[in-house]
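Residue 43 in our numbering sits at position 43 of the sequence shown, with consecutive numbering throughout.
Certain hints may be false.
In silico DSBU-like pairs for lysine-lysine, Cα to Cα no more than 35 Å straight-line [said to hold, decoys possible]: (1) Lys108 <-> Lys61; (2) Lys108 <-> Lys79; (3) Lys61 <-> Lys74; (4) Lys74 <-> Lys110; (5) Lys61 <-> Lys110; (6) Lys61 <-> Lys105; (7) Lys105 <-> Lys79; (8) Lys61 <-> Lys79; (9) Lys79 <-> Lys110.
Note that these hints are calculated values from the structure, not bench results.
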Amino acid sequence: MENIPLQQSAVPAPQVSNFCIILHTDGQVDRLTDRTLEEYVSVVQDASIAWIDWTAEEHEKSFEAVAVAGGFSKVPVSKLVGGFYSAYEDHDTELGIMLPAVVMKNEKMKVHPLIILIRDNVVLTIHSIEMKGLAASSP
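Taking the hints into account, I'd like the entire structure generated from these sequences.
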């Protein structure tokens, strides 16, 4: 895989870890971290399958901006986050799922949305800064 220089992003990365795991067609697995969303999107095009995990400010406009920058244009993220504790939108070539993610802090429970977007060979997960578990549990 070629060394891609870091570039400025239209979607600002928060000061937490984001990552992309790529399974190439030859079976090689790469894990990239702390890059721009655009860099992740550019390298997953030739992958067999890829998972991009992105942390965003927890509000509808931020989640929507990440989805669009990630190449998802059909799934209305506003409908996903506007639901109860879970929702899904199936638009033939794109699927959007919102699941509740529970965060415990000082014996208090808070529920945050976990957005999962799927198209072609890409899975994009978007979640709040409050959720630190996905980065810690990735390979």
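Checked hints:
Of the pairs offered as hints, the one joining Lys108 and Lys61 holds, with about 27 Å between alpha carbons and a cut-off of 35 Å not exceeded. Restraint check for Lys108 and Lys79: the C-alpha separation of about 27 Å stays at or below 35 Å, so the hint holds. Proposed proximity of Lys61 and Lys74 is supported: the alpha carbons are some 15 Å apart, at most 35 Å. Taking the CA atoms of Lys74 and Lys110, the gap is about 29 Å. The hint holds against a cut of 35 Å.
Taking the CA atoms of Lys61 and Lys110, the gap is near 21 Å; set against the 35 Å cutoff, the hint holds. Between Lys61 and Lys105, the direct Cα distance comes to roughly 26 Å. Compliance with the 35 Å bound is thereby established for this hinted pair. With a C-alpha separation of about 28 Å, the suggested pairing of Lys105 with Lys79 holds against the 35 Å cut-off. Distance restraint check for Lys61 and Lys79: the Cα-Cα separation of roughly 12 Å lies within the 35 Å cut-off, and the hinted pair is therefore satisfied.
Between the alpha carbons of Lys79 and Lys110 the distance comes to roughly 21 Å, so the proposed pair stays at or under 35 Å and holds.
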